[in-house]
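Engineer: Single-letter residue listing:
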Amino acid sequence: MNGRRDFIKAASTGVIAGMLPVSVVRLSHAAPENDFTFAYISDAHIQHIKGNQFVRNWDRGLIRAVAEANLLEPKPDFVMFGGDLAQLGSKPELDHGAEILSALKYKTHMVMGEHDYYLDLGEYWSDLYGDQYYSFDHKGVHFVVLNSILTYDDWTFNRWETPERRMSEMAGLDNPNGSPFMVGATQLNWLKKDLSKVKKDTPVVVFSHSPLQKIYKGWNFWTEDADDVQKLLGKFDKVNVIYGHVHQIQYNQIGRIAFTSVMSTAWPWPYPQSYAQAESHLPVLTVPMNRADPFDERDATGWQFVDVNTGRVDLSFNLYSNDNRKVAFNADKGHPEDVSYPQIEIAPQRHY
Amino acid sequence: MISRKTWTALALAALLPVSAAADEFTAADVERWQAQFDEVAAEGRSLWTDSALGTNGVVCAQCHPNAANTHPETYPKFQKQLGRVGQLWEMINWCIRNPLEGENLAADDPKMIALQAYAYKERRGVPLAPGKH
Ligand SMILES: [Fe+2]
Ligand SMILES: [Fe+2]
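One line per chain: the protein sequences are C and X, in this order.
Each residue of the first sequence is one higher than the last, beginning at 88 in my numbering.
Each residue of the second sequence is one higher than the last, beginning at 612 in my numbering.
Errors might be hidden in some of the hints.
[To be verified] Below, a list of computed lysine to aspartate or glutamate pairs in the DMTMM-like style, where the Cα atoms sit at most 20 Å apart: (1) C:K137 <-> X:E650; (2) X:K743 <-> C:D261; (3) C:K280 <-> C:D315; (4) X:K688 <-> C:D383; (5) C:K137 <-> X:E701; (6) C:K279 <-> C:D218; (7) C:K304 <-> C:D241; (8) X:K691 <-> C:D312; (9) C:K304 <-> C:E248; (10) C:K287 <-> C:E311; (11) C:K279 <-> C:D315; (12) C:K325 <-> C:D241; (13) X:K722 <-> X:D634; (14) C:K301 <-> C:D288; (15) X:K732 <-> C:D241; (16) X:K743 <-> X:E701; (17) C:K178 <-> C:D224; (18) X:K732 <-> C:D182; (19) C:K226 <-> C:E186; (20) C:K301 <-> C:E251; (21) C:K280 <-> C:D241; (22) C:K413 <-> C:D182; (23) C:K192 <-> C:D207; (24) C:K192 <-> C:D182; (25) X:K688 <-> C:D312; (26) C:K279 <-> C:D241; (27) C:K284 <-> C:D315; (28) X:K691 <-> C:E384; (29) X:K691 <-> C:D383; (30) C:K192 <-> C:D164.
[Unchecked claim] Counterexamples of contact, computed for chain X against chain C with all Cβ distances above 10 Å: (31) F636; (32) A638; (33) R643; (34) T660; (35) P687; (36) K722; (37) A725; (38) G742.
The hints are simulated quantities; they were obtained by calculation from the structure and are not laboratory data.
Remember, it's a predicted structure, so these values are computed and weren't measured experimentally.
Glycine is no exception: its CB is placed at the ideal position from the N, C-alpha and C atoms.
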């Protein structure tokens, strides 16, 4: 069909390591000793069939990401997993996912996704991984992990007769019985306190599962209290938000906040504008991917490798069956851009 | 609503061929046909989230929210892997066999018709573009 299919042929002949995006881009005013990298794997959606059977296709996507991340040179300082490890939040799914992830040779930090949460409200996930929101500092960068997939209490606690029903209602992306994601008052207070200790010129990187911006409510590409979070983040000089959930490349700039999404290892989602009955709300900066090829199981899936320099994040998308892409922060333009398509000049939005 | 009489008058005034003037469908007929379609499309929506179409618990809506990326308006069209120009239902069967690890449905299986009705309904308003990718 076209050139983008050739990559997989090369990859499957055993030269994967050579194909990995491994460059650390240093800007001239960076402190080189503070440059570092981390890997980002997301949305594995490990799905239990019965007994010890799991959906093979989703397993393969995650196993491949883990194997490739282990080959990275230079070694990443840590790995983030961006949420939706499971499909229906069950113990067998979370255990099976944890087992695959345990092959990673690096420290791994976890983000909560709605598919991990709505069966037991995160209880088993927390047994495995601990806090659902937290922060840590690494080489001069302040990292924050939020659980952004909470929703209205009434929906969570009063609406559904069983936890299984609640999980399956939230699991359907286009389900009109779903409910918009939110960070919620408790975490907003915590975030405010957490950030009060951080200097204005400290680079801040925030990980969430949902976008922390309002893209398309019909598919929950959305965080209800995104404006409140943006207000708290907006006072820092350099803020980067990296989110999962959307299973596609998106990037955007709102004020000083740079947003970049990550891919799923399981399956791609169409862009919201491809739904003919809805208004389009894709972040205007984004150069979208082409449609996936249904005959290629791994098309439009993948994982990312992140360079952190000068407090900004540059994401290299390691796409299994497509041309790799790189979305880097362009300091002159003041927003992220796809380095292969810089000629596409689009002004960032001020607000969503 | 504009009455038939008014339409006729307008059409005659413009000296255009009269397309829907005489012998109009009754409102009851139109309503019944639409209701029949809507019922089948609703059945298609249920199937869209029904894991019984396959064997591994996977459903269409996981990858095609609101039937997005099904492009019914582009059929019939060439699909490399079919090696020829094929129909929408053949691609539906492809997705049933592969992501869902299920068995083909017959082209005239009521379930196949319902799946297509739902896809077309979600895609309504998009111009026909046979052969396009
Ligand atoms: Fe996901
Ligand atoms: Fe998600």
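Engineer: Quickly compare the C-alpha distance for K192 of chain C and D164 of chain C to 20 Å and report which way the hint goes.
Structural biologist: holds, 10 Å
Engineer: Regarding the assertion that A638 of chain X does not contact chain C, is the least Cβ-Cβ distance greater than 10 Å?
Structural biologist: holds, 26 Å
Engineer: Are all beta-carbon distances from R643 of chain X to chain C longer than 10 Å?
Structural biologist: holds, 24 Å
Engineer: Decide if the proposed pair is consistent with the structure: K280 of chain C and D315 of chain C, CA atoms, cutoff 20 Å inclusive.
Structural biologist: Given that 20 Å is the threshold and the Cα spacing comes to 14 Å, the pair holds.
Engineer: What's the verdict on K732 of chain X and D182 of chain C, does the C-alpha distance respect the 20 Å limit or exceed it?
Structural biologist: Violated, because 40 Å separates the two Cα atoms, which is more than 20 Å.
Engineer: Is it true that the CA of K743 of chain X sits at most 20 Å from the CA of D261 of chain C?
Structural biologist: At roughly 26 Å apart (the allowed maximum being 20 Å), D261 of chain C and K743 of chain X break the hint.
Engineer: K226 of chain C and E186 of chain C were given as a pair; does the straight-line alpha-carbon distance stay at or below 20 Å?
Structural biologist: Measuring from Cα to Cα gives roughly 29 Å; hence the hint is violated.
Engineer: Given the hinted pair K192 of chain C and D182 of chain C, is their Cα-Cα distance within 20 Å?
Structural biologist: holds, 18 Å
Engineer: For T660 of chain X, is the shortest beta carbon distance to chain C beyond 10 Å?
Structural biologist: violated, 6 Å
Engineer: Confirm or reject the statement that F636 of chain X sits farther than 10 Å, beta carbon to beta carbon, from all of chain C.
Structural biologist: The claim stands: F636 of chain X keeps its Cβ more than 10 Å from every Cβ of chain C (closest is about 26 Å).
Engineer: Compute the least Cβ-Cβ separation between A725 of chain X and chain C, then decide whether it is above 10 Å.
Structural biologist: Holds: least Cβ distance 17 Å, greater than 10 Å.
Engineer: Is K178 of chain C close enough to D224 of chain C, meaning Cα to Cα at most 20 Å?
Structural biologist: violated, 31 Å
Hint violations for this structure: numbers 1, 2, 5, 8, 9, 10, 12, 13, 14, 15, 17, 18, 19, 20, 21, 22, 23, 25, 26 and 34, all remaining hints satisfied.
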